[in-house]
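A.B. asks: Let the hints inform the model, and build the full structure from the sequences given.
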Amino acid sequence: MKAPIYIYYQLDNYYQNHRRYVKSRSDKQLLHGLNYRDTSSCKPEESNNGLPIVPCGLIAWSLFNDTFNFVHATKQLEVSRKNIAWKSDRDHKFGKNVYPFNFQNGTLIGGGSLNPSIPLSDQEDLIVWMRTAALPSFRKLYGRIEQDLEEDDLVEVKISNNYNTFSFGGKKKLVLSTSGWLGGKNDFLGMACIAVGSSSLFISLIFVMLHVKNPRPYGDTSYLTWNRKGISS
Amino acid sequence: MMNAMNVPSKRSTLERKLDKLILTLFGALFLMCLIGAIGSGIFISRKYYYLGLTESVENQFNPSNRFVVATLTMFTLITLYSTIIPISLYVSIEMIKFIQSTQFINKDLHMYHIETNTPALARTSNLNEELGQVEYIFSDKTGTLTRNLMEFFKCSIGGEVYGTGMTEIEWGVAAQRNGIKIEEAQKSATVVHEKGFNFDDARLMRGAWRNEPNPDTCKEFFRCLAICHTVLPEGDESPEKITYQAASPDEAALVTAAKNFGFFFYRRTPTTVYVRESHVEKMGNIQDMPYEILNVLEFNSTRKRQSVVCRYPNGRLVLYCKGADTVIYERLAHGNDALKKVTREHLEQFGSAGLRTLCLAYRDLTPDMYENWNEKFIPAKSSLRDREKKLDEVGELIEKDLILIGCTAIEDKLQEGVPSCIEILSRAGIKIWVLTGDKMETAINIAYACNLINNEMKQFIISSETDEIREAENRGDQVEIARLIRDTVKKELKKCLEESQNFLHRVAGPKLSLVIDGKCLMYALDPNLRVMLLNLSLNCSSVVCCRVSPLQKAQVTSLVKKGARKITLSIGDGANDVSMIQAAHVGIGISGLEGMQAVMASDFAIAQFRFLADLLLVHGRWSYLRISKVVTYFFYKNLTFTLTQFWFTFQTGFSGQRFYDDWFQSLYNVIFTALPVIMVGLFDKDVSASLSKRYPQLYKEGIRNSFFKWRVVGIWAFFSLYQSLIFYHFVTTSSSNGQNFSGKMFGLWDVSTMAFTCVVVTVNLRLLMICNSITRWHHISVAGSILAWFVFIFIYSGVMTPYDRQENVYYVIYVLMSTFYFYLTLLLVPVVALLGDFLYQGIQRWFFPYDYQIVQEIHRHEPDDTRRAQLLEISNQLTPDEARSFAISQLPRETSKHTGFAFESPGYESFFASQQGVYAPQKAWDVARRASMMRSKPKKSQKN
Chain G
697 MKAPIYIYYQ
707 LDNYYQNHRR
717 YVKSRSDKQL
727 LHGLNYRDTS
737 SCKPEESNNG
747 LPIVPCGLIA
757 WSLFNDTFNF
767 VHATKQLEVS
777 RKNIAWKSDR
787 DHKFGKNVYP
797 FNFQNGTLIG
807 GGSLNPSIPL
817 SDQEDLIVWM
827 RTAALPSFRK
837 LYGRIEQDLE
847 EDDLVEVKIS
857 NNYNTFSFGG
867 KKKLVLSTSG
877 WLGGKNDFLG
887 MACIAVGSSS
897 LFISLIFVML
907 HVKNPRPYGD
917 TSYLTWNRKG
927 ISS
Chain F
14 MMNAMNVPSK
24 RSTLERKLDK
34 LILTLFGALF
44 LMCLIGAIGS
54 GIFISRKYYY
64 LGLTESVENQ
74 FNPSNRFVVA
84 TLTMFTLITL
94 YSTIIPISLY
104 VSIEMIKFIQ
114 STQFINKDLH
124 MYHIETNTPA
134 LARTSNLNEE
144 LGQVEYIFSD
154 KTGTLTRNLM
164 EFFKCSIGGE
174 VYGTGMTEIE
184 WGVAAQRNGI
194 KIEEAQKSAT
204 VVHEKGFNFD
214 DARLMRGAWR
224 NEPNPDTCKE
234 FFRCLAICHT
244 VLPEGDESPE
254 KITYQAASPD
264 EAALVTAAKN
274 FGFFFYRRTP
284 TTVYVRESHV
294 EKMGNIQDMP
304 YEILNVLEFN
314 STRKRQSVVC
324 RYPNGRLVLY
334 CKGADTVIYE
344 RLAHGNDALK
354 KVTREHLEQF
364 GSAGLRTLCL
374 AYRDLTPDMY
384 ENWNEKFIPA
394 KSSLRDREKK
404 LDEVGELIEK
414 DLILIGCTAI
424 EDKLQEGVPS
434 CIEILSRAGI
444 KIWVLTGDKM
454 ETAINIAYAC
464 NLINNEMKQF
474 IISSETDEIR
484 EAENRGDQVE
494 IARLIRDTVK
504 KELKKCLEES
514 QNFLHRVAGP
524 KLSLVIDGKC
534 LMYALDPNLR
544 VMLLNLSLNC
554 SSVVCCRVSP
564 LQKAQVTSLV
574 KKGARKITLS
584 IGDGANDVSM
594 IQAAHVGIGI
604 SGLEGMQAVM
614 ASDFAIAQFR
624 FLADLLLVHG
634 RWSYLRISKV
644 VTYFFYKNLT
654 FTLTQFWFTF
664 QTGFSGQRFY
674 DDWFQSLYNV
684 IFTALPVIMV
694 GLFDKDVSAS
704 LSKRYPQLYK
714 EGIRNSFFKW
724 RVVGIWAFFS
734 LYQSLIFYHF
744 VTTSSSNGQN
754 FSGKMFGLWD
764 VSTMAFTCVV
774 VTVNLRLLMI
784 CNSITRWHHI
794 SVAGSILAWF
804 VFIFIYSGVM
814 TPYDRQENVY
824 YVIYVLMSTF
834 YFYLTLLLVP
844 VVALLGDFLY
854 QGIQRWFFPY
864 DYQIVQEIHR
874 HEPDDTRRAQ
884 LLEISNQLTP
894 DEARSFAISQ
904 LPRETSKHTG
914 FAFESPGYES
924 FFASQQGVYA
934 PQKAWDVARR
944 ASMMRSKPKK
954 SQKN
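Each protein sequence line maps, in turn, to chains G and F.
In terms of this note's numbering, the first sequence opens at residue 697 and continues consecutively.
In terms of this note's numbering, the second sequence opens at residue 14 and continues consecutively.
Hints listed in this document are in silico derivations from the structure and should not be mistaken for laboratory results.
Reference listing, derived: stretches of chain G covered by chain F, where coverage requires no fewer than 3 residues with Cβ under 8 Å from a Cβ of chain F: (1) 820-828; (2) 876-890; (3) 905-919.
The C-beta atom is built at its ideal place from N, Cα and C for all residues, glycine as well.
C.D. replies: And the structure:
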């Protein structure tokens with residue numbers, strides 16, 4: 697595998713698209729931080745001990761916090777965790793001067809915590825997580841291995857299993873994948889294109905055969921209903 | 014006022030069916046919501062800790078009360094799926110129909126009557142598409158089919174036919190036989206055309222009859238016409254200026270004919286008729302002859318003849334008689350069978366050409382004979398009791414041993430183009446019923462003239478004019494009369510029904526027709542007999558109801574409308590047609606001549622009966638086609654859109670999360686898919702207007718409701734199900750991998766924007782597939798709609814709003830468009846989605862083509878006239894003057910253009926009075942009014 701090799705974590709049966717979950721965030725707060733006080737949309741994770749939470753809401757609260765360590769031939773593989781979120785999110789949706797505040801201080805800890813000294817716009821794990829997925833089974837980018845891997849290379853992965861998926865019967869998967877200029881490997885799209893193309897060809901062949909064997913002349917008046925009836929009666 | 018009915022508000026059948034469709038959609042909506050609600054109740058659970066479902070969570074998501082969760086989710090889902098109900102459909106349809114009626118129907122030059130400067134007028138825009146589904150037409154006679162103008166047209170004198178004109182029926186028959194339309198023969202220079210006289214034969218004009226084989230018979234013929242009548246001359250005693258006042262226009266026509274033949278009746282005194290005779294003694298000689306009128310035996314419906322006994326200046330005593338062929342032939346002297354036979358043939362020939370015939374006969378009387386008879390006549394005439402009956406009996410004594418002169422044929426002038434229009438309409442599968450207040454003979458005659466009945470048809474006649482009933486009427490016992498008529502009607506109906514079913518089972522049986530009069534109809538419409546009447550009349554290809562009252566007209570119409578559930582259309586011109594016009598699904602008023610009442614009650618007003626062909630076959634058919642397409646397409650696009658949302662619900666834990674952004678959903682119907690479908694509603698047409706009329710059978714697709722039946726809706730529903738599955742699953746499945754070279758992933762809003770883009774593009778392209786004609790307006794609107802989506806999303810996802818809301822789609826489209834995935838999917842998904850429809854359309858056209866598709870193929874090489882000007886079918890054929898008057902007629906109407914609606918149609922009062930046993934003579938104003946009405950008619954001769 698050629699570098700960059702992308703590391704994805706996949707969660708199954710995880711409803712990031714649940715209505716309660718999707719709306720439990722405040723885009724204004726993510727951008728303006730504590731200056732923006734109206735965080736009612738973040739229920740039930742809008743404040744703790746009377747102080748607002750930044751970033752508020754269920755999505756941030758349930759931040760994925762498993763970590764992966766890759767060891768190849770006794771050597772630690774370099775995993776780049778930068779530039780895994782869309783640039784528009786980093787630049788425009790998460791504030792450069794907004795720092796986590798009062799985060800994961802409640803009695804219930806939903807997931808990972810954030811380093812309060814790093815602005816949100818640089819917390820790429822959070823940014824990736826907060827672009828909620830469309831389906832209950834989704835992948836999210838964890839990082840990149842900036843080094844080629846050969847065939848039959850043995851890679852040892854050390855997973856710190858922090859994130860709770862056991863309670864709702866979810867599954868976690870780790871995916872390593874590369875990407876070309878068209879994007880990541882997408883079997884479905886390729887198969888679909890081939891299937892559609894070949895079935896179109898097939899159908900057109902059938903119609904050509906029909907046209908040769910059993911042509912219907914243009915404007916054949918015997919097809920007119922009033923002529924058809926005339927013959928039958 | 015007894016005949017007045019509540020004014021109904023009319024909605025078209027298609028719209029009422031649309032209501033059912035909407036109800037079905039509501040049912041589907043409820044079902045979808047129910048499924049979602051149950052799912053949500055089952056799904057919700059505390060194990061999904063990341064949803065924060067603590068003890069204090071709001072009811073909407075509280076797992077401890079699943080029933081409340083389900084109920085609340087139900088309401089959430091109703092708002093979510095509400096797009097399945099096409100609310101904007103009604104607005105769009107109203108808009109389309111309004112433009113159709115104001116721009117297409119009102120401005121169609123094919124329906125513009127130049128002589129009276131009247132364009133067609135759609136008085137309501139509700140019923141355009143109803144015009145495309147009419148199966149039964151109920152027509153008034155006078156003023157609608159006919160002009161109420163009698164013209165002397167032909168005659169047979171001494172076994173010789175005179176008159177070279179051809180009626181429209183004869184033209185039609187000749188055209189059918191020769192396969193081509195013969196150009197109308199050049200009229201000879203001798204032709205004299207005035208009101209009531211349309212006769213062209215040089216052999217009789219200007220004394221030329223003297224050279225005919227039997228000039229004496231000709232002379233008797235003309236004298237009979239000039240003497241035997243009850244007409245009053247009025248005005249100057251010169252041939253040009255005189256006008257005749259007659260009880261019936263036929264009489265006036267006969268006297269006018271005599272005038273033109275050189276026997277000019279110019280003065281009447283109580284005992285004398287003065288006739289100015291030309292060419293009698295020798296050519297060019299003119300003499301005034303006074304004829305002493307000794308007795309007049311008047312016309313009535315039982316005698317069916319009229320006689321005059323007159324004394325010539327030279328003392329000759331003659332009885333002139335004219336009447337129906339049946340009564341005259343009974344009273345002819347023996348001998349001369351050859352003449353009788355030939356004349357009978359002529360009568361039949363005239364009759365089948367739709368002309369009204371009268372036989373003329375005379376009898377020379379000796380003074381003794383006359384004196385004898387007159388002695389009996391005088392007491393009868395002056396008797397106080399049963400005078401009519403006694404006069405009839407006396408008449409019988411002298412009206413015998415008559416000598417046949419010949420017969421006359423009068424044309425009850427049809428409105429222009431009526432027979433050909435009726436022929437086209439009947440080929441279109443429309444059945445035409447004539448409902449008239451006239452006598453049975455007249456009605457049958459007109460039915461012949463309009464080609465509704467011909468001799469090859471089997472006629473069922475149910476009449477109250479039988480001897481039995483007449484006898485009972487003479488006895489005067491109302492109860493007995495009613496019972497007798499009811500029994501007769503029942504018997505006759507039963508007999509006819511059985512017979513008609515026998516004919517129907519036979520393969521090549523004749524077509525059937527039914528003639529029924531008002532009195533019988535009164536009993537036949539009785540609830541017990543109604544079904545029988547309906548079954549019988551539905552078996553018949555044409556039905557004539559005569560002597561019917563306005564209310565009965567409406568009853569017959571409702572009988573078919575409600576009983577047979579067919580779509581009906583009534584057309585009439587007078588106040589007596591108002592109830593019929595209101596009762597039918599579509600009411601059409603003939604505008605222009607008989608006042609405004611019918612027009613005021615109608616839904617559409619046209620100037621001539623023949624415009625009905627354009628109105629139904631062209632505008633009606635197109636409207637039906639267009640509205641059907643609009644409705645089914647609306648149904649499709651909303652269903653497809655909503656179903657994608659529905660599939661998404663299953664994968665969100667039934668939480669009611671939106672798949673699409675609020676704005677996408679709101680603007681979907683309003684902007685992104687609104688305009689193209691309106692273009693289809695306005696401009697789509699399968700075949701051109703001229704082909705529509707050339708293949709009237711295409712209209713049957715509307716009668717069968719081929720384009721908006723449940724099967725068609727079902728096919729649309731199937732394909733929208735298919736397409737929605739494609740949209741949802743293709744887009745979601747293909748987006749679950751890394752999307753660009755940097756391996757970044759899409760979120761919910763990226764996927765939904767992708768899906769929405771696919772939906773908008775596909776739905777707009779699908780529209781192009783239903784179009785029969787694609788104009789530049791289609792291109793503009795479809796491209797514009799897709800473009801509008803992109804413009805919208807570029808702007809919408811490019812800005813952040815200042816107030817607090819989730820910036821879900823912020824920058825989404827730019828992220829999407831930076832990937833190849835976007836373009837690939839945008840290419841693939843619409844292709845896959847439309848493949849099914851494409852395949853279906855191909856197979857349908859190949860194996861089960863619609864009629865219009867075949868006609869399209871037949872004429873595929875003809876120049877494609879899809880430009881807008883021709884869509885409106887306006888060809889610039891008007892002269893500047895006509896164009897100006899057309900333009901003026903398009904101006905807002907003056908409300909004062911209102912002419913004498915207070916009058917009833919001629920003869921009505923006397924008809925109703927006579928039904929109640931009261932004798933009411935023809936009112937003077939009836940005669941005067943009819944005369945003035947005819948005068949106000951545009952003179953065609955000015956144009957020719």
